[in-house]
Amino acid sequence: DVKVTQSSRYLVKRTGEKVFLECVQDMDHENMFWYRQDPGLGLRLIYFSYDVKMKEKGDIPEGYSVSREKKERFSLILESASTNQTSMYLCASRSDRATYNEQFFGPGTRLTVL
Amino acid sequence: AQSVTQPDIHITVSEGASLELRCNYSYGATPYLFWYVQSPGQGLQLLLKYFSGDTLVQGIKGFEAEFKRSQSSFNLRKPSVHWSDAAEYFCAVLVGNEKLTFGTGTRLTIIP
Chain A
4 DVKVTQSSRY LVKRTGEKVF LECVQDMDHE NMFWYRQDPG LGLRLIYFSY DVKMKEKGDI
64 PEGYSVSREK KERFSLILES ASTNQTSMYL CASRSDRATY NEQFFGPGTR LTVL
Chain B
163 AQSVTQPDIH ITVSEGASLE LRCNYSYGAT PYLFWYVQSP GQGLQLLLKY FSGDTLVQGI
223 KGFEAEFKRS QSSFNLRKPS VHWSDAAEYF CAVLVGNEKL TFGTGTRLTI IP
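Chains A and B supply the protein sequences, listed in that same order.
Here our numbering is used: the first residue of the first sequence is 4, the next is one more, and so on.
Here our numbering is used: the first residue of the second sequence is 163, the next is one more, and so on.
Chain A extracted, bound-state conformation (with noise of 0.2 Å):
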């Protein structure tokens, strides 16, 4: 079974703070995705990567930039967190293996920035 960890279930930083959140995944996936989930907002895509060192912005990168340095792990920055950036981060990896394949997610972290 594919699997995709994020570091933290649950955190709380403070307003200003740089703040890592981190993904790993272990089936050796091309693609790799970071979302924010808000109530009645759905999912957003924020950043996603296809190849290692490589990135491309999404809907919603703005206050946020990622890092690729190794195929299996891919990590979120908020550089400065504010309180607007409280929510739901979902990381999620896809193989180019098979056309049109799903994306796993892993299970989230939930961000409070006080």
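Note that these hints are calculated values from the structure, not bench results.
Every residue gets a Cβ at the ideal spot worked out from N, C-alpha and C, and that includes glycine.
A few of these clues could be false.
Listed below are several chain B residues computed to face chain A (Cβ distance under 10 Å; list not exhaustive) [what the hints assert, rightly or not]:
(1) 186
(2) 187
(3) 188
(4) 189
(5) 198
(6) 200
(7) 204
(8) 208
(9) 211
(10) 219
(11) 252
(12) 260
(13) 265
Based on these hints, arrange chain B on the given structure of chain A.
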């Protein structure tokens, strides 16, 4: 631009009753459609997907969905719900073989 609409924010169903969750999409090309389920405190799990062929798709946990091009719909159904089906359900469309665009979700409550 592509979009997915789930018109029902919250649905309550009695255990053992049938279920239909609605999903409408707007996309210029042939859509590739997914239904995901999110149990409380969990990530998303794929229920089923449609790419081509038979418009009635079978998924896990006894769910099925029917693609209707004329109505731009991909509704999710289950003939008899169980208490463990209480969760949030998301419809999504694949764009450009890369990105998923999600609907806003439907929360399902099951009453005894």
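Here's how the hints hold up against the structure:
no., hint, verdict
1, 186, "14 Å, violated"
2, 187, "13 Å, violated"
3, 188, "15 Å, violated"
4, 189, "14 Å, violated"
5, 198, "8 Å, holds"
6, 200, "8 Å, holds"
7, 204, "6 Å, holds"
8, 208, "5 Å, holds"
9, 211, "6 Å, holds"
10, 219, "13 Å, violated"
11, 252, "6 Å, holds"
12, 260, "7 Å, holds"
13, 265, "6 Å, holds"
The structure fails to meet hints 1, 2, 3, 4 and 10 from the earlier list, while all remaining hints are met.
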